[in-house]
Amino acid sequence: MRHVGWIVLATALLLFPLSFNNPYYEQLGSLVLLAAISASAWNLIGGYAGQVSVGNAVFFGAGAYMPMLFYKLWQVSPLLGFPAGIAVSLAIAVVIGIPTLRLSGHYFSMATIAVAELIRIVVSNWGLLGAAIGLTGPATPRGWWDLVFRSSVPYYYMFLAVLLTLLAITYGIQRSRFGYYLRAIRGGERAARSLGVPVSRYKLYAFMLSATFTSLAGSLYVVKFGFIDPGSGFGILVSVNMVLIAALGGAGRLLGPLLGAAILIPLQTETNNLFGGGGTGLTYILYGGIIVLIARFEPGGLLEMWDRRRARRAARRARATESATDAAARGSHAA
Amino acid sequence: MIFLQVIVAGLLIGAVYALFSSGLTLVWGMMNVINFAHGEFVMLGMYVAFWAFTLAHFGVASFSAIAAVVLFMLGVLVYLGLIRNVMRGPMLAQILSTFGLLLVLRYAAFWAFGANFVGLPDGILGPSLNVGGILLSAPKLVAGVVALAVTVGMHLLLTRTMLGSRILAVAEDRNAAMLMGIRPDHMQAIAWGLSGASAGIAGALIATFFPISATVGESLGLIAFVVVTFGGFGSVPGAMIAGLVIGLIESVSAFYVGPEYQDVFVYALFVLVLWVRPRGLMGKA
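In order, the protein sequences belong to chains A and B. Using my numbering, you'd call the opening residue of the first sequence number 1 and step up by one each time. Using my numbering, you'd call the opening residue of the second sequence number 1 and step up by one each time.
Some clues are possibly wrong.
Here are the simulated distance ranges between beta carbons [what the hints assert, rightly or not]: (1) P211/B to A191/A: 30 to 38 Å; (2) R319/A to D173/B: 16 to 24 Å; (3) Y256/B to R150/A: 47 to 55 Å; (4) P266/A to G126/B: 37 to 45 Å; (5) D173/B to S194/A: 22 to 30 Å; (6) R160/B to S176/A: 38 to 46 Å.
If you are wondering where the hints come from, they were derived from the structure by calculation, not from laboratory data. Beta carbons: idealized from backbone N, C-alpha and C, even for Gly.
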């Protein structure tokens, strides 16, 4: 039964661009997948390990800038910048992670914000990286390796491949010793440590894995849009978006980020269309309102709410059958 | 002489940082909740001052008081409506709740007041003063001195009065405080109110010399985090020293390296503190 759900989901994702043969939906679909990648990457450190990073934009930005920088300097395919972005991101993850992951949660959140802002300001003033204007990729493709396509469909399948890889890795982690360690850490660091879990080391591993895929999301973003500037790469709202999407669907759940993205990205696109460019303020007010409501009423996200409802219904059904059998038993007794 | 001027200017702005950061450190140390929207509180204090001046021609003293009262109420409201319900939940919920608040406040202000910068008139506190060859702008001098006085007042309130003892008792041990007949809920609401009031006064003081915009809370909020971490969570004296140091670093690096890099030095210091002494100057281990 469980496999049926997976097959249906995978088929739906694979066939989506074919069934909605319309540039608007193709674009929207690819944006949902991209958001799901970065939110799923955040989920590894923020959801599974319970260390709330509010600065994952740093990895997104590194991943987005490197391909464009490689193109600017040596006119090579942006693809070559992907591993460079990951390398930079891993270095940053180690530098932030080693001191702060030793400490309890809030330090880590603060440090991630501070480092993201630090790097945003440096990049905004760095001529090599285009300062406040940012960097642009090849306008016309010289070959497929420039990854410039007019349709959104090739991007859709690229994003889907990365997302499925990430979800498969996450699934594997969930069922492995690594996954149990992370859950133990989230449940209670001191208890985990007393049971012999190498807490700091595993938090760092989770952070590095998160950094790797967030960087990859940034690289994918930049090949799709063809340019990057400090705000859309390192801005604090980029980080917030990842946290929000994962938390809406369900932090620490495999499909939470995908669900969150499937709800929030269309909502964001629609509100932007509705209010126009001047309405960005309203979009964020709406965002903030949703965040506050999740935090206040449903911190486990929509998936947890769904689980609870299903459990309640199952309990009710169990009670119903129980009383039915009771009645039947009494009936047979009387007879 | 110019060096001395840079130092004094840094200390004056640092005193204002110390003021609003002491509010942040109070709730952080007491409830272990980070208020990500603290910079937005300061921003609202600036707008309250601006509108009180523009609509009713209030003077600096009275609009600072109004900002303090308005932000006190906002702080209590945020505690009662939001924080009380999430403070003992998962950490993600705590962080999300004040982050959501940040977005709502910042962009509601953006939407209501527009994207343009506004400001109070330049000469609102009189001309610049020349003190022994050091040129001081009157608003910054007033802001620095008043901020220092209010921060010291807050420290005294916490350490020398019955109310302060009650607040600190709740911070130390909620259950023990309850057994002593203290209502933690009331004390925490008051702490949030005080935190808001500190941001409100600081905002009103900053408004006398700094352009006002809806997004100004971003950098101010980050400065508050750096100050609190540097000073040690929950320590008002720590926040005071750290605020002055951060003001100095900003002022010196803005003058000798360039204003666009002043924040870089502040954040770099922050990362350094986390590496070397994560509990801050005066924090408990």
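Verification of the hints:
1. P211/B to A191/A: 30 to 38 Å: 50 Å Cβ-Cβ, so the 30 to 38 Å window is violated.
2. R319/A to D173/B: 16 to 24 Å: Since the Cβ atoms of R319/A and D173/B sit about 43 Å apart, the hinted range of 16 to 24 Å is violated.
3. Y256/B to R150/A: 47 to 55 Å: holds, 50 Å
4. P266/A to G126/B: 37 to 45 Å: Violated, since P266/A and G126/B (Cβ atoms, about 56 Å apart) do not stay within the stated range.
5. D173/B to S194/A: 22 to 30 Å: Holds: the Cβ-Cβ distance is about 23 Å, inside 22 to 30 Å.
6. R160/B to S176/A: 38 to 46 Å: violated, 56 Å
Checked against the numbered hints given earlier, this structure breaks hints 1, 2, 4 and 6; the rest are met.
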